[in-house]
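As they're listed, the protein sequences go chains A and B. Take 1 as the starting number for the first sequence in my numbering and just add one per residue. Take 1 as the starting number for the second sequence in my numbering and just add one per residue.
Hints are computed from structural coordinates only; laboratory data are not their basis. All C-beta atoms, glycine included, are put in the ideal place defined by N, C-alpha and C. Just to be clear, a hint being listed does not mean it is correct.
Think about it this way: if two alpha-carbon atoms lie no more than 30 angstroms apart in a straight line, the pair counts; the simulated BS3-like pairs of lysine-lysine are [said to hold, decoys possible]:
hint: 1; chain 1: B; residue 1: LYS142; chain 2: B; residue 2: LYS117
hint: 2; chain 1: A; residue 1: LYS57; chain 2: A; residue 2: LYS73
hint: 3; chain 1: B; residue 1: LYS171; chain 2: B; residue 2: LYS142
hint: 4; chain 1: A; residue 1: LYS57; chain 2: B; residue 2: LYS199
hint: 5; chain 1: B; residue 1: LYS117; chain 2: A; residue 2: LYS73
hint: 6; chain 1: B; residue 1: LYS171; chain 2: B; residue 2: LYS199
hint: 7; chain 1: B; residue 1: LYS117; chain 2: A; residue 2: LYS57
Pair by pair, the computed Cβ-Cβ distance ranges are [unchecked claim]:
hint: 8; chain 1: B; residue 1: GLY275; chain 2: A; residue 2: ALA38; range: 46 to 56 angstroms
hint: 9; chain 1: A; residue 1: PRO252; chain 2: B; residue 2: ARG271; range: 50 to 60 angstroms
hint: 10; chain 1: B; residue 1: ALA267; chain 2: A; residue 2: PRO180; range: 21 to 31 angstroms
hint: 11; chain 1: B; residue 1: SER239; chain 2: A; residue 2: ALA38; range: 36 to 46 angstroms
hint: 12; chain 1: A; residue 1: ILE195; chain 2: B; residue 2: GLN178; range: 54 to 64 angstroms
hint: 13; chain 1: A; residue 1: ALA163; chain 2: B; residue 2: ALA148; range: 36 to 46 angstroms
hint: 14; chain 1: A; residue 1: GLY217; chain 2: B; residue 2: GLY265; range: 12 to 22 angstroms
hint: 15; chain 1: A; residue 1: GLY217; chain 2: B; residue 2: ALA148; range: 20 to 30 angstroms
hint: 16; chain 1: A; residue 1: ALA160; chain 2: B; residue 2: PRO63; range: 38 to 48 angstroms
hint: 17; chain 1: A; residue 1: HIS91; chain 2: B; residue 2: ARG87; range: 35 to 45 angstroms
hint: 18; chain 1: B; residue 1: ARG181; chain 2: A; residue 2: ASP246; range: 51 to 61 angstroms
hint: 19; chain 1: B; residue 1: ARG271; chain 2: A; residue 2: LEU99; range: 32 to 42 angstroms
hint: 20; chain 1: B; residue 1: SER239; chain 2: A; residue 2: LEU99; range: 25 to 35 angstroms
hint: 21; chain 1: B; residue 1: GLU134; chain 2: A; residue 2: ALA38; range: 24 to 34 angstroms
So you can see what is in the structure, the chains are spelled out below.
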Amino acid sequence: MNDDRAFQDSIIRLLADAPFRHALTHVDEGSAYGGMTAHQVEGIRAGDARRVDRFAKFLARQYYRDRIFLFHKYSRALARYTGRSPDAVVHTPEFDHLLPTVILGSRSTARDVSRLVQAYLADARNAPPYASELARYENAQLLAESGPRVAPVTPPRARAHLAVIVNPDAAVHHFSWNLPAIFQPLLELAALEDIPSRPPEAEHAELSLVFVRSPRGRVTVLRWTETVETLTAFFDGERALGDAIDAAGLNPRDGLETASALLDAGVLIPA
Amino acid sequence: MSEESPTPTPVAEAPRAPKPRSAGLWIGACYNAHLGHETLDAAELFDHLVITDAPRQSDPYFPVLRERIVMPVQDSENQLADEIDDRSTEALRQLAAICNAPWVAERVQCMRTLDGKYGLDCVFPPLYTEEMRERFANNALKLGAALARPLVFENVPSPFAPATTAMSEGKFLGRLLQTSRGSLQLNLPHLWVSAELRKLDPYGLLHEYPLDRVSVITTGGVADDEDLAGPWMAAVPPSDEIMEFTQYAVDCCRGVRAVTFDATGPALDARLLIGAVTQLRERLAR
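Sequences and hints are given; from them, build the entire structure.
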């Protein structure tokens with residue numbers, strides 16, 4: 001990498017990583033820091049630090065507002081009853097308090113923002129009984145989307161000799177409401193001028209879902225069935241896919257089909 | 001309406017859409033799939049619709065509009081600071097082919113680190129240095145060859161100027177254009193925001209750009225942001241000040257062939273879109 005491109009990376013990090021920004025402003029004069037030469041550190045300090053800080057805060061609010069807007073669309077639909085839209089959390093004092101720790105796109109910040117959204121929606125008036133689980137579902141998507149960007153790739157094909165592991169970033173969540181059944185009715189609310197007096201009702205149902213970012217870069221949600229759970233228990237990174245399917249007692253064709261869907265979604269990754 | 005393409009070099013294939021209607025500039029907007037129905041209803045208003053995302057198969061309006069209206073492509077995802085990988089290049093090539101795009105616009109931006117660990121998810125300028133210009137020029141030449149369509153380069157807002165930057169954005173773009181055979185898409189809200197945030201006169205800043213190489217002008221609204229203590233681009237109608245600035249820029253750029261109302265996003269409503277394009281047509285009617 002040439003010098004200017006590396007320095008550009010430092011400027012991007014300066015805006016994306018609040019603790020890095022704070023540390024840079026407190027490093028001793030004439031010192032190198034974070035892969036930057038002392039000259040570059042001074043170059044950044046000689047710039048308009050206040051404007052850098054303002055822009056970084058703007059970026060943080062915009063970054064998480066956009067993601068909450070995207071992933072929390074069902075909770076947003078409920079805002080017509082609750083009066084509380086999840087994306088408004090970025091304008092609360094609690095979000096302001098988070099700003100000094102924000103690292104755009106990181107798992108840790110996604111986790112912190114999820115907690116804020118959950119708390120922000122928790123005491124909303126007129127919320128239906130499933131509202132909290134709905135927010136948890138949406139937060140799981142927000143979390144799955146976080147982490148370093150990698151170039152999208154085509155998932156590997158499921159072959160009997162392939163050794164795989166369960167993606168450590170895949171997260172299984174258990175729900176007690178049939179959430180997918182109310183997604184469409186909730187979205188339809190947005191198009192209505194006059195809404196029904198009550199939000200759509202959901203039915204109780206035990207539901208386990210796995211959330212992960214796919215090799216193509218999309219957030220995917222799959223049902224975590226007993227078959228999937230049984231099968232994935234045999235993926236230790238050494239055992240071939242075919243052997244794991246045998247050990248799980250599955251029909252080889254069905255096992256490969258399931259493994260193929262899991263590889264496609266990113267739940268399984270090559271060992 | 002002119003029969004010329006808004007870029008100086010010929011397109012690879014002739015546009016499928018009919019010739020633009022009235023004499024003078026093409027007036028258009030970005031295509032917003034959620035407003036497909038309203039856009040089709042008002043199709044006479046749009047000489048071009050800029051495609052910013054791959055159309056969804058479930059969008060019934062895109063194929064109809066494609067038959068009637070010219071569709072340039074705007075790539076806001078990639079950054080020419082780095083070589084664009086084969087997969088992204090192919091996706092862009094396919095999109096341009098589907099749209100039969102007369103040009104593809106690339107923002108002169110660098111918003112992600114090379115290792116993908118940090119990204120701003122927001123338009124952000126590169127350091128304006130010779131080294132970076134060379135990177136952009138090399139990558140643009142490769143992309144242009146792969147797309148086999150004219151590239152136009154778009155300026156981006158500079159919320160602050162790093163002390164180490166070597167030249168202005170205008171000078172950087174001028175030099176880039178000398179070596180990369182493209183033309184300039186002058187984004188006026190971007191320029192306006194740069195000027196306001198850095199306490200510069202937008203009219204003065206405008207003249208730092210190679211105005212003789214401008215083929216497309218983009219305009220739109222800005223709104224004040226509390227964090228920035230200044231404006232940023234927003235899906236709002238262009239203010240009278242920006243409309244006046246747009247008129248001025250069009251008069252300064254003798255080679256401009258298209259003006260685009262730049263607003264996208266789910267919050268954009270049809271009334272705003274149609275109103276802004278109508279306003280542009282009235283203001284820029286020649």
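Each hint tested on the structure:
A distance of roughly 25 angstroms separates the Cα atoms of LYS142 (chain B) and LYS117 (chain B); the hinted pair therefore holds under the 30 angstroms criterion. Among the hinted pairs, LYS57 (chain A) with LYS73 (chain A) is consistent with the structure: their alpha-carbon atoms are about 24 angstroms apart, no more than 30 angstroms. Our distance criterion of 30 angstroms between C-alpha atoms is met by LYS171 (chain B) and LYS142 (chain B), whose separation comes to about 22 angstroms. Between the alpha carbons of LYS57 (chain A) and LYS199 (chain B) the distance comes to roughly 20 angstroms, so the proposed pair stays at or under 30 angstroms and holds.
For the proposed pair LYS117 (chain B) and LYS73 (chain A), the alpha carbon gap of about 27 angstroms is at most 30 angstroms, so the pair holds. Our distance criterion of 30 angstroms between C-alpha atoms is met by LYS171 (chain B) and LYS199 (chain B), whose separation comes to about 19 angstroms. Between the alpha carbons of LYS117 (chain B) and LYS57 (chain A) the distance comes to roughly 19 angstroms, so the proposed pair stays at or under 30 angstroms and holds. For the hinted restraint 46 to 56 angstroms between GLY275 (chain B) and ALA38 (chain A), the CB-CB distance of approximately 54 angstroms keeps it satisfied.
In this structure the hint that PRO252 (chain A) and ARG271 (chain B) lie 50 to 60 angstroms apart at CB holds, the actual value being about 58 angstroms. Here the CB-CB span from ALA267 (chain B) to PRO180 (chain A) is close to 26 angstroms, well matched to the stated 21 to 31 angstroms. A beta carbon spacing of about 45 angstroms between SER239 (chain B) and ALA38 (chain A) agrees with the range 36 to 46 angstroms that was offered as a hint. The given range of 54 to 64 angstroms is respected by ILE195 (chain A) and GLN178 (chain B), whose C-beta atoms sit roughly 58 angstroms from each other.
At about 42 angstroms, the CB distance of ALA163 (chain A) to ALA148 (chain B) agrees with the hint of 36 to 46 angstroms. Checked against the hint of 12 to 22 angstroms, the pair GLY217 (chain A) and GLY265 (chain B) passes, with Cβ atoms roughly 20 angstroms apart. The beta-carbon spacing between GLY217 (chain A) and ALA148 (chain B), approximately 26 angstroms, falls within the hinted interval of 20 to 30 angstroms. Checked against the given bound of 38 to 48 angstroms, the beta carbons of ALA160 (chain A) and PRO63 (chain B), roughly 42 angstroms apart, stay inside it.
About 38 angstroms separates the C-beta atoms of HIS91 (chain A) and ARG87 (chain B), a value consistent with the hinted range of 35 to 45 angstroms. In this structure, ARG181 (chain B) and ASP246 (chain A) meet the distance hint of 51 to 61 angstroms, their C-beta atoms being roughly 60 angstroms apart. The beta-carbon spacing between ARG271 (chain B) and LEU99 (chain A), approximately 35 angstroms, falls within the hinted interval of 32 to 42 angstroms. SER239 (chain B) and LEU99 (chain A) have their C-beta atoms about 30 angstroms apart, which keeps the hinted 25 to 35 angstroms range intact.
In this structure the supplied range 24 to 34 angstroms holds for GLU134 (chain B) paired with ALA38 (chain A), their Cβ-Cβ distance being about 26 angstroms.
When each numbered hint is compared with the structure, no violation occurs for any of them.
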